[in-house]
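Student: Chain residues, written in single-letter form:
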Amino acid sequence: MTAPAQNASATILPFAEPLKAVRDTRPLRLITCGSVDDGKSTLIGRLLWDTKAVKEDQAATLARDSGGQNDLGLPDFALLLDGLQAEREQGITIDVAYRYFSTDRRSFIVADTPGHEQYTRNMATGASTADLAILLADARAGLLEQTRRHATIAALMGIRQFVLAVNKIDLVHYDKAIFDRISHEFREFALSLGVRQITAIPMSALKGENVVYPADASMPWYDGPTLVETLELATVRSTQAGGFRLPVQRVVRPGESFRGYQGTVAGGSVKPGDSVVILPSGTVANVSRIVTFDLVRNAAVAGDAITLVLDRQVDVARGDVIVSLDGQPMTGHHFDAQLVSLQPGGIEPGKRYWLKSGSRRQRVAVEPISQLELATGKWQPHASTLAMNAIGKVRLSFEELAVFDAYEQNRSTGAFILIDPDTLNTVAGGMITAKRGEVGGIHRGQGGEGQRVVLSLPADLAEQLMASELFTNRRDETEVKRMTAKQAAELFSNAGGDI
Amino acid sequence: MPLSVQETEVKNPPVSRPPLDPHLKALENEAIHIFREVAAEFEKPVMLYSIGKDSSVLLHLARKAFYPGRVPFPLLHVDTTWKFKEMIEFRDQIAEKYDLDLVVHTNPRGAEEGITPFSHGSALYTDIMKTEALRQALDAGGYDAAFGGARRDEEASRAKERIYSFRTPDHKWDPRNQRPELWNVYNGMVRKGESVRAFPLSNWTEVDIWRYIQAEDIPLVPLYYAAERPYVERDGMMILAEDPRLELLPGETVQQGMIRFRTLGCFPLTGAIRSTASNLEEVIAELEIATVSERQGRAIDRDQSGSMEKKKREGYF
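So the protein sequences, as listed, match chains A and B.
Throughout the first sequence, residue numbering follows my numbering, covering 1 to 499 in sequence.
Throughout the second sequence, residue numbering follows my numbering, covering 1001 to 1317 in sequence.
Worth flagging that the hints you see were computed from the coordinates, not collected in a lab.
A couple of the hints might just be wrong.
Chain A stretches covered by chain B per the calculated footprint, using a threshold of three residues with CB under 8 Å from any CB of chain B [as the list claims (entries may be wrong)]:
(1) 140-152
(2) 411-419
Calculated lysine to any residue pairs in the SDA-like style (CA-CA distance at most 25 Å, straight line) [claimed, not checked]:
(3) B:K1025 / A:L48
(4) B:K1064 / A:L48
(5) B:K1192 / A:R361
(6) A:K393 / B:N1184
(7) B:K1025 / A:E256
(8) B:K1097 / A:K393
(9) B:K1064 / A:E256
(10) B:K1192 / A:R253
All C-beta atoms in this analysis are idealised placements derived from N, C-alpha and C, irrespective of residue type, glycine included.
Chain A on its own, in the form it takes in the complex:
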């Protein structure tokens, strides 16, 4: 039974030299979006195959289960990817799967998510941890509504790097004009979502052209990077720039003399001597030591799992956040957020849910405001239950003081999940957009009489301003909307005032 696979592996797998993994960077997490028709399974299979992540016995199982191969002598990659019995039986992908491959420059974690519309929730799950999204388009069909939908969700979940894979380019005779048209159209759309790092690549996943290996012979007009080259050079998100954040997971007291606060740094950096504030209590202390198993360290940065020792006896418990004195997060009882509804019951107005963010769990009431119409990208007023797969804007109201950053500033302290108190299931994933005044709206903060300025800026300039400490410190007094230049022009032409 294993004979066909051995034939295949003998001809396909070039095991020439050892993979010398350097890995001087963190793994890149990415998500692939597209349906079976776009060739998503083939693309991922090709990536795993050409980077030698598929071993011979796995290929043999594959060949045994598929019973046949395509005309290139490759097994049916979809079987490699669809791990669950139900998926194999029904020939569909129903859940997020994680794949691993590496090159000699870097390793990659791929969240492989199903493409059907009803699986928005799976895509949101996969996108939550991703730094980059690969969006697949069939060169024959061009951009579909589904591609726009996926790009919208990816942008909403905070992904700022897109790769458009214009697949099956061989089936349009490697026509440069077709590739140019699709990639131009996509670029325009991605820019309107606030995503500016866009790479479009013409490829044939089936033939392995421009995936791992370049295709100079068939596409002499394309001199850009292959998919893997693009992934190798992509940036991994870091939240080291903002203020220090340490959500306290547990307090460690191995004896009378030692009291440490254990957690993973969720933003910024810290060193002994720094002044910190414990939120929500507001108590101030100084850092005396950073303890890890390896040695006492003189600094820790975002991502590090550490134990922090303070210079005085203070009341700190699990769920508290230790933050830098300068550049503190927002605290309050009311916040604006966007969320994705994940379960059949939806998100009900007024119902009290558990909200978990970092290591903190607290009660919250959720009030839907509007819902994103994925087909058009427009927000429609919506105050009733947000059904499964819906993306909504909501107001959150807490009984106890809550601590957040805006998701745009910090993907860790700005993110949360909602847990249904009846089923204990995870029912929503959410992102904080802003703090809301007690009466509502930042614009009513001074009785509607305060002076405000509306600016229209190029996106790169706005991002630099928003990354500044001055802006970060007063983020909760501001409102930011991204739009195309055309939309901005309309807004300003309709606006009153001397602007």
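Please arrange chain B on chain A, whose structure you already have, making use of the hints.
Tutor: Using the frame of chain A, we list chain B on its own:
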């Protein structure tokens, strides 16, 4: 039962090492985060300890996560009584050296009903001596969370498993109905009797495990390194021939050769590979040009396609 309320200081304080590369550091940070989160949210966690390389890495990460405190939960070893002799010796040494609470459980049906891998076939034997034994031990301990060393790159059904993998009171896994898992925010809410299996190594690959063992100088059972050992060829596998309970079948002879193991389990079900890699550097070099996956030597994965998923649904790790 030791609890984290009043912890004592660790024995064998750590030694200073060169910093990890950013790739391994990121994986380590993620695993430590998961350990701390589970230990804080659950009432009675336990760590499944199978003595293999993944368990050794898991234990090392647990010691790092809770330092300078002691590991605040016991280790559970499900002993089928058919493990390699060197595994059991290693287990007892490690428990002593690191001052760990070790719980060992064997399903009494094994001895009572004479269930062995030879007499009952690998599927039934595994079901009773591993899956059922694990359920017994978890029920007896009243554990609401159990750490395991499973990795998503090991097997197709594991690629879809969550880091917090929810189990019903009878330990069933429902792959079609898993809780969504976003960012690194884990939902640790369960009802009485329900539990989670938590997998801090979910995002590690086999190469990562070996490189981490090297970087952190983690001790392993010597069977992972090649040596001259006696073996018998059976069903296309090389089975270690040193346990007197291994009876030779007609036509079988004991041979000698340089062999080692890529995974360790019950000796009658675990095949060796021919190898000259007698130390860590050589094992890693060999691994980087390997063309077969590590589970290829495992008889229990080969029973049928999708067999791991089936076992997991029934409560296997």
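Student: Provide an ascending list of the numbers of those earlier hints which the structure does not satisfy.
Tutor: Numbers 1, 4, 7, 8, 10, in rising order.
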